[in-house]
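Sequences and hints are given; from them, build the entire structure.
Chains as they are written, first to last, in the working numbering: chain D, 1461 to 1862; chain S, 38 to 441.
Bear in mind the hints are in silico, worked out from the structure with no lab data behind them.
C-beta atoms are modelled at their ideal positions from N, C-alpha and C, and glycine is treated no differently.
Among these hints, one or two may not hold up.
Said to hold, decoys possible - Now the in silico label distances, taken between C-beta atoms and shown as ranges:
hint : chain 1 : residue 1 : chain 2 : residue 2 : range
1    : S       : 226       : D       : 1610      : 48 to 58 Å
2    : D       : 1825      : S       : 207       : 30 to 40 Å
3    : D       : 1722      : S       : 294       : 53 to 63 Å
4    : S       : 351       : D       : 1722      : 51 to 61 Å
5    : D       : 1692      : S       : 108       : 54 to 64 Å
6    : S       : 331       : D       : 1825      : 30 to 40 Å
7    : D       : 1848      : S       : 207       : 37 to 47 Å
8    : S       : 320       : D       : 1692      : 14 to 24 Å
Said to hold, decoys possible - Straight line, CA to CA, 30 Å or less: simulated DSSO-like cross-link-like pairs of lysine-lysine:
hint : chain 1 : residue 1 : chain 2 : residue 2
9    : D       : 1758      : S       : 289
10   : S       : 289       : D       : 1830
11   : S       : 189       : D       : 1859
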Amino acid sequence: MSDKTQAIFTGDRCLSCTSCMANCPVMAAVKEYRGPKLVGPAHGRMHFSQEDVEDTLNYCSNCKSCDRACPSGVAVSTLNMLQRAEYYKKHEHLRSEDMLAHGERMAKLIRKLPFGATFSNLGMSIGKTLGVFSALGIAGERNMPAYASTSFKDGFPKIKQPSSSKKVVMFTGCYINDNEPQVGQAFVKVMNANGYEVLIDKQFNCCGSPLVVTGFLDEARQHADNNISRILDWKRQGIPVVTPCTSCSLMLKEEYHELFGEEQFHEAATNVYDAFEFLEILQERGEFNSNLKPLNQKLLYHVPCHLKSQAIGLPAQDILEEIGGVKVQTADAGCCGISGNYGFRKDKYEISMKIGAKLFERVKQTDFDKVISDCGTCRMQIHHGTDIKPCHPIEILAKAYQ
Amino acid sequence: MKTSDVIVIGGGLAGLMAAAVAVGRGQKVTVLTYGSGSLPLASGAIDFINAKSPEAAIKDLPAHHPYKKIGTKALDSAAKFLIDIAAKANLPYNGKFGAQIPIVTAVGTLKYSALVPESMDASTLADKKKIFVVGITGLKDFYPKMIADNLKKIFPDKTFEVIQIDLNLLGGRDITCMDAAQLLTDNEQQLANELKALNATADDAIILPPILGIMGNFSRDVVKTQLRAEIFETTCLPPSPPGMRLQRAFMKFLQSSGVKFFENSKVVRGVVEGKKVTGVVVENVVREKIFPAKKVILATGGFYSGGIKMRDFDNPREPIFDLPVFFPEGAENWSNPQLFSDKPQGFALTGIFTNENLNPIDKDGKVLYDNLHVVGANLGGCDKIFERSAGGIAIASAYKAATI
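Take a look at the structure:
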């Protein structure tokens, strides 16, 4: 497995066929970006051997459409992220990049203050009005995601769960923990309904995805080392790690290994599951609780890029369609454009909205009861682009267990 | 995981065609792809065979040739079906099996194909008096003067004028036809104005690189309605807008018909019970997942696309079902050093042999799996590039496999 998936060894498989170019949403949106073929495998060969800056490297959003388009297994986007890390060894980060990469650090600081979340939400809306974010290099058009008054992990001990010998550890992800704890609560409810007790592990930190895309690779490595040792510890106890965040699951399962290439990263990854992937495995074993209350809802499903990359089919669609009266229609409108913190950068905001335009149009023109998407930043982007607030598919499933 | 009526492995022309035909017959279809398939790299034109009289040529083919297994009935039906799918996406195609429609290539020669996007159909070029060949400033790999010079050899009595127009596409990377087509989508007026300024009449033609949009014929319609002269798109190097338009037409049909389409899904082996395939196994980075199916169509693209691999020189293998692969015996028969001669390449015959239902067979002609069907470039026994039969074999075998 090792050499097969570590990104740095995949560049030479490139045949220059241009499939990645034909599928890159950033290339379709702007003419500046030289594109995945040239920036990833082609320029990557030069970049790792000598200092040679590719000016348009920062246009890559790491949505991974190129990786999925590639017939030869080149980890194009990860090659770009590795080059970005090289670049920042000799160049300073922007303040905005530092902020956007360190959401977890910021949230921890705020939660130490009394009423910290309330005041910081207030501060963010004042900051937005006064143009402070814009001055820092963050897209002034966007609302920064508001903090929940109580984080998921802080509220977790109060959740009453039936104890069970069957356990999973939930990897919450930053966005669910700090901004949308209701997704975490829905996850617990669903797992409980399926006979599992949910544990959390406060020693987990951010998966590192925001760090990787902004070129803080050394820090991302520290996060990876810590998270991997925790996952291996749970693996030894026979307890799987499950996450409802698709970018976290992709990072833990695949990108750590692509970036850093250690065998134990792959070994740990075998103990990690995306939430609906795990539920579908239960279903295949005949252990899924199908005692579901009918909901009669038409759902429009935006499938996150980082879920498509996992090659697990669409387990959320299959499972939600077990609920009486639920019909899931996929949006099929490509990348939403936000790609983690990419769309929050002032100079990438317009690109991000241009990429998302097709999806916004689809959401506005389709008749449905609710939009669903497994990814937190995709949900933010859809909300921002359409004024329609989506939810996580696990929230729909939790309702069916009421 | 719910059982699919049909699983198609591969998302190239054959895979998309098979999925479209199957879902059109009311079946539950899942497509598993690894890589975005051949169409973004293809001209969008479909050839059945390079011959003056295609029907006679197919009749004369040896018994092991894929067309002999597919049968001639599927050729007409497949052509009609493809034209219909494209039309649904406002991508009009001309032609039928047996047609010989000229296309202007990117080097200014004429190539004859059976099914041609209307935007490339240069049938009326011979009737024109003056031909404008339009280059776009900054567009790479497109040389209007070379095109005009070469066309002049074919049409010595016509007047040619080479025009260079600047659509302000520069200011970033080198521009490919795909870039220009994307930039011109919903932004066609400047091009229309520049072409209007040529004052070309109904007796004239304008030849352009294939930059008239990336979806259907929408951009072309905007420009065409403002001109008296006919406009013709040429072929180009990849990424190829005409191929992308056809891919998008298929995708639009598959998505609106409820086909499940999973990218990045590398099928590593089949699940089999005796002579039945009951599902396929997809390997992702950490685990495997079984996709159960009642029928499987193998459209993995043959020798050029990983559908057939050859790690050891004389041992080609089909990696998913380990099907027997035919290849010519003796290294001396593998290659013809005269690349552009009138003889095929030996190695290109490599592929899987089937019965008339396109089920894979072994050396003795025994069927290995009766609900597995092999289509497109996986089929062995002919040099599809030499014959110019790749597109025709792809759509006709896919059509047949999906209708059995």
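Now for the hints, and whether the structure bears them out:
1. S/226 to D/1610: 48 to 58 Å: About 55 Å separates the Cβ atoms of residue 226 of chain S and residue 1610 of chain D, which means 48 to 58 Å holds.
2. D/1825 to S/207: 30 to 40 Å: holds (35 Å)
3. D/1722 to S/294: 53 to 63 Å: Check failed, 44 Å falls outside 53 to 63 Å.
4. S/351 to D/1722: 51 to 61 Å: Because 38 Å falls outside the window, the suggested range is violated.
5. D/1692 to S/108: 54 to 64 Å: holds (58 Å)
6. S/331 to D/1825: 30 to 40 Å: holds (35 Å)
7. D/1848 to S/207: 37 to 47 Å: holds (39 Å)
8. S/320 to D/1692: 14 to 24 Å: Because 22 Å falls inside the window, the suggested range holds.
9. D/1758 to S/289: Given pair residue 1758 of chain D, residue 289 of chain S holds - Cα atoms ~21 Å apart, limit 30 Å.
10. S/289 to D/1830: It holds: about 23 Å lies between the C-alpha atoms, which stays within 30 Å.
11. S/189 to D/1859: violated (72 Å)
Of the numbered hints stated above, those contradicted by the structure are hints 3, 4 and 11, listed in ascending order.
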